[in-house]
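Asks: Given the coordinates of chain F, work out where chain V should sit on it, guided by the hints.
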Amino acid sequence: MELGQVVVRATGIEKYFGDHHVLRGIDLEVRAHETVMLVGRSGSGKTTMLRCLNFLEEPTVGVVEIDGVRVEADPLHARSRRHQEQIRQIRLRAGMLFQDFNLFPHMTVLQNCIEAPTRVKRVPKREAVATAERFLEKVGLIEKRDEHPSRLSGGQKQRAAIARALCMEPKVLMFDEPTSALDPELVGEVLKTMEELAHEGSTMIVVTHEMSFAREAADRVIYLDEGRIVEEGPPEQVLDAPREELTQQFLRRFLRDTGA
Amino acid sequence: MTSEGISGRDDRIVQRVQAAERAALKWFRIKVALVWIGLVATLVLVLYLADEIDLEWTATWGPLILDGARTTILLTVISIVLAVMLAVLGALGRLSSNPVAYGVASLYVSLVRGTPLLVQISFLYLALPQLGVVIPAFESGVIALSFNYGAYLTEIFRAGIQAVPAGQREAAQALGMHERHVMRRIVLPQAVRIVIPAIGNDFIAMIKDSALVSTIAVQELLWRAERAGRQSLNSLQALLVAALVYWVLTIIFSFFQERLERRMARGDR
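Protein chains in written order, with the working numbering: chain F, 1 to 260; chain V, 1 to 269.
Chain F with its partners taken away, still in its complex shape:
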């Protein structure tokens, strides 16, 4: 798929947790239809980076622009109404998937999918239901539409969460280790759904430990270490022939530990 305009642009992102310098000046651009995967050791800052993009973590310094909405980090006035509204505009354009799914347990799968469209975007209910059914069909869960999340397997929960995110028709989907909480035999169905989305031209940013998945589905892989981008490029370069010593070390250790 041809890459399009820049959808996500993050510039000079720095993040401190107290004295701990987690992100040290990250620049990131993601174009329409592109699938970018963030890899790195745990503690390298990749999850924090993703959470900074939709301000679930307020960056200490930096600018995030998604689909034309530009928000400058403002930790001193993070609670101001204007800033919160800008952040909300970013969030409306960026769907987020979590490690532990975070479906709303007191709602059915369908209610999970239409809650935000009907009450945030004010889409008429009938229309929201039709959209939700379309996406539930797509992720293979249409027959579970009236179940509560507790009745779903982990893989089904994550697919339902994907459908919920898609219902907001976001410009970019952001996945935070979407398969890390799953039993090994359930990982495949989620990765398959994500791969389909990638092939259909969704714009995606994925934090992952699944190297073979990154090799297959990523357009670009970014290797982070200690809050910096060490290396980025197509998967065959970064994962198979990394130039940087740090990336080589990481992949060696990773291959040894997983035996993959």
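Since the hints were derived computationally from the structure, they do not count as laboratory data. In this text, all values refer to a predicted model and were calculated from it rather than measured experimentally. Heads up, a few of these hints could be off.
Think about it this way: if two alpha-carbon atoms lie no more than 25 Å apart in a straight line, the pair counts; the simulated SDA-like pairs of lysine to any residue are [said to hold, decoys possible]:
no.	chain 1	residue 1	chain 2	residue 2
1	V	Lys208	V	Arg12
2	F	Lys171	V	Glu179
3	V	Lys26	V	Arg263
4	F	Lys121	V	Val187
5	F	Lys125	V	His178
6	F	Lys125	V	Arg169
7	F	Lys121	V	Arg169
8	F	Lys125	V	Val187
9	F	Lys121	V	Arg180
10	F	Lys121	V	Met183
11	F	Lys171	V	Val182
12	F	Lys121	V	Glu179
13	F	Lys125	F	Ile142
14	V	Lys208	V	Arg180
15	F	Lys125	V	Gln190
16	F	Lys125	V	Arg184
17	F	Lys121	V	Gln168
18	F	Lys125	V	Leu188
19	V	Lys208	V	Thr71
20	F	Lys121	F	Val69
21	F	Lys121	V	Leu188
22	F	Lys125	V	Glu179
23	F	Lys138	F	Arg122
24	F	Lys121	F	Lys138
25	F	Lys171	V	Thr115
26	F	Lys121	V	Glu170
27	F	Lys171	V	His178
28	F	Lys121	V	Val182
29	V	Lys208	V	Gly62
30	F	Lys125	V	Arg180
31	V	Lys26	V	Ala41
32	V	Lys208	V	Val248
33	F	Lys121	V	His178
Pairwise CB distance ranges (calculated) [unchecked claim]:
no.	chain 1	residue 1	chain 2	residue 2	range
34	F	Arg79	V	Arg113	28 to 36 Å
35	V	Arg113	F	Ser150	51 to 59 Å
36	F	Arg79	V	Ser110	22 to 30 Å
37	V	Ser96	F	Leu255	48 to 56 Å
38	F	Gly188	V	Met85	19 to 27 Å
39	V	Leu55	F	Ser150	50 to 58 Å
40	F	His199	V	Glu155	49 to 57 Å
From the three backbone atoms N, C-alpha and C, an ideal C-beta is built for every residue, glycine too.
Replies: Frame of chain F; chain V shown alone:
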């Protein structure tokens, strides 16, 4: 691993062990029931031998006392509903970053939990008229009980709201929901499920605490029993009846509360 033949025998052993466990539990319950019956029968016998059981008295005065149970239940139901509403507001205040909301809520909790319920009841009914504020007895009772229990439930609701996983709030925010929407539609409904058993407990506790409003002449169960006891010069009989009614009420509501609790534990979480 056992071979198939042995595992066939294992099955029978497992079944026998399970049956023995069930039987033991059943016998335990039967024995407990016998102990209860024995103790209560002894109590009744002692009273009977002391010639303090007077069925004729109960037939005369019983209905009058029992009528007070209606007031007790009405008082408790209204108060617990108001207490829950106060508790939601209180909990939101205690979790607010707004200093006014936090200040009001924390002072409320501190003040109410730091003074006796009996003092609060008396203050409303006896002290406020001095300031020109006259509140009828029943209403005074309702206000005192609901404010008092509201303060305790505030802390329970606060804990319940904090017990909702942070990921729930994050997922809702990530979908672009406003703070208020996140709280009302995502966090509070889950918090309520968490605190419903505690509300049930407090309801049962309040049935008994409501006896305190007899001091300001609300004609509930205890007030009527005391009155009947004085008039008939048989306080023992009257208080016995009142105690029995409280006991039966709590048993009835405990039964519903346990069922509700079990349903919540099973529920779709």
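Asks: What hint numbers does the structure not satisfy?
Replies: 1, 14, 25, 35, 38
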